[in-house]
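Participant: Listed in order, the protein sequences are those of chains A and B.
Using our numbering, the first residue of the first sequence is number 8, and each one after it goes up by one.
Using our numbering, the first residue of the second sequence is number 50, and each one after it goes up by one.
Here are the computed distance ranges between Cβ atoms for each label pair:
(1) A/237 <-> B/71: 18 to 26 Å
(2) A/388 <-> B/71: 53 to 61 Å
(3) A/74 <-> B/67: 44 to 52 Å
(4) A/71 <-> B/52: 49 to 57 Å
(5) B/52 <-> A/202: 53 to 61 Å
(6) B/54 <-> A/46: 52 to 60 Å
These are calculated hints, taken from the structure and not from any lab test.
A virtual CB, placed ideally from N, CA and C, is assigned to each residue, including glycine.
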Amino acid sequence: MSHAKLKALVFLVAIPLGFALAVWLGRDAARYAKPDKFVRFHPGIAPESLFYPPFSTLENLALARWSPGRTLVIIGGNSILNGVGQSDQNLWSRRLQEELGERYVVVNLSFRGALPCEAGALVAETLIKRGLPVILISSTAPATVGRVAGGTYGYLYYEAQAHNRLIHHPARDANLAAWEETATPSVREQQAELRRAAALDSWFHFQALWHHIGYRYGFTTWTQVTRNRFWRPRDTILDEGTDARPLGDRFREQLDAELAITRAFSAGLAESTGPLSWRAYTPQTGLTGELIDAMFPPAVRARTIMLLNQNALYYRSRLSPAERSRDDFVFATYEQVWRDRGVVCHSVGANFTDEDYADRTHLAPSGGRKLAQLLAEYIRQFSPP
Amino acid sequence: MNSSRIRQSGALALRLLLGLAIGVFIHYLLYRLFLPVQPFIYVAF
Chain A
8 MSHAKLKALV FLVAIPLGFA LAVWLGRDAA RYAKPDKFVR FHPGIAPESL
58 FYPPFSTLEN LALARWSPGR TLVIIGGNSI LNGVGQSDQN LWSRRLQEEL
108 GERYVVVNLS FRGALPCEAG ALVAETLIKR GLPVILISST APATVGRVAG
158 GTYGYLYYEA QAHNRLIHHP ARDANLAAWE ETATPSVREQ QAELRRAAAL
208 DSWFHFQALW HHIGYRYGFT TWTQVTRNRF WRPRDTILDE GTDARPLGDR
258 FREQLDAELA ITRAFSAGLA ESTGPLSWRA YTPQTGLTGE LIDAMFPPAV
308 RARTIMLLNQ NALYYRSRLS PAERSRDDFV FATYEQVWRD RGVVCHSVGA
358 NFTDEDYADR THLAPSGGRK LAQLLAEYIR QFSPP
Chain B
50 MNSSRIRQSG ALALRLLLGL AIGVFIHYLL YRLFLPVQPF IYVAF
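Let's have the full structure, built from the sequences with the hints guiding it.
Facilitator: Below is the structure:
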């Protein structure tokens, strides 16, 4: 063979070898890669900065802390449980771990803007599938369940499914298929692309490898959040979440808009049947129940504590007596909707003070402490798996 | 003679490294290809 042909052959063979090497490294990274000293997903390691932690990272965070004899408390849900309004040191999930002691391992896998069935809920599901003792904590508003696909964190569902991590739950498949059929062509195409990405990733493990490199060695994509030094490794970006502002500075911004949102929590969910008497709109309760059934497999529902978050007293106290009564009715109604599906459900915040809220919906450190104490009680009451 | 062999070996090693780098780069492209164009913007409701 001539030297020129040999060079060409070496070059052509080296390309798939290099790719195979990356796949091998990615497969390895999927087994161990996770953020160091993890407390919560802050914007530097979350989709706000184009960092989409792979499903394997979430699993690794939970599994790395677990040991036999301990129960995993997986926190899913949205910015309320992510601790917006609390600094890293005053984060409510740290307090929950202190309250529960060593028998429990608390892992906060909540994301800002996540639905109750996304992210942490899927990790809890995969851990339940493995037979580990798990309690899922999640939070939402009345009549809000959503779907595991279609949102910012929908990629986690497709990844978990492609890696065969989820419990077989035909109701979820059917619901998502029906939803996709009625979705716009662009949404359908987006879902198809996410499925393709997850299927390819299950073979080639590129998400685990390049997120690990982005976290440990350097990030290659410019983002608004990291614009000044976008290349720096994400492990050098600190959690800059701050505690709530002094009480006198809270709540007054955009008071009308926030009050309108507070009213809207229950306005479309119940109709008046007399003075301070209400009846729930059945399409909404029915749809909520259907989505709970579809998005949470029975085994997960049996291990879930769902929290319905009340708005801050500052706003609720400005509602009329009729509006407050409707609010109370709606929260009680939707607690029951979750309970009817086998989920432990509690409304939280009704007895909290202005001091306990950072804004209309997020908790200040004192509210976080109260939430941790309440939840520790609920968790201890939970029957062992 | 020796310097010619060294040059040839060097050329082969270079092709090998280049090929490996391209293979790894294709793997990286898969990651970049599926990265959303716009980041998520969080707004509380």
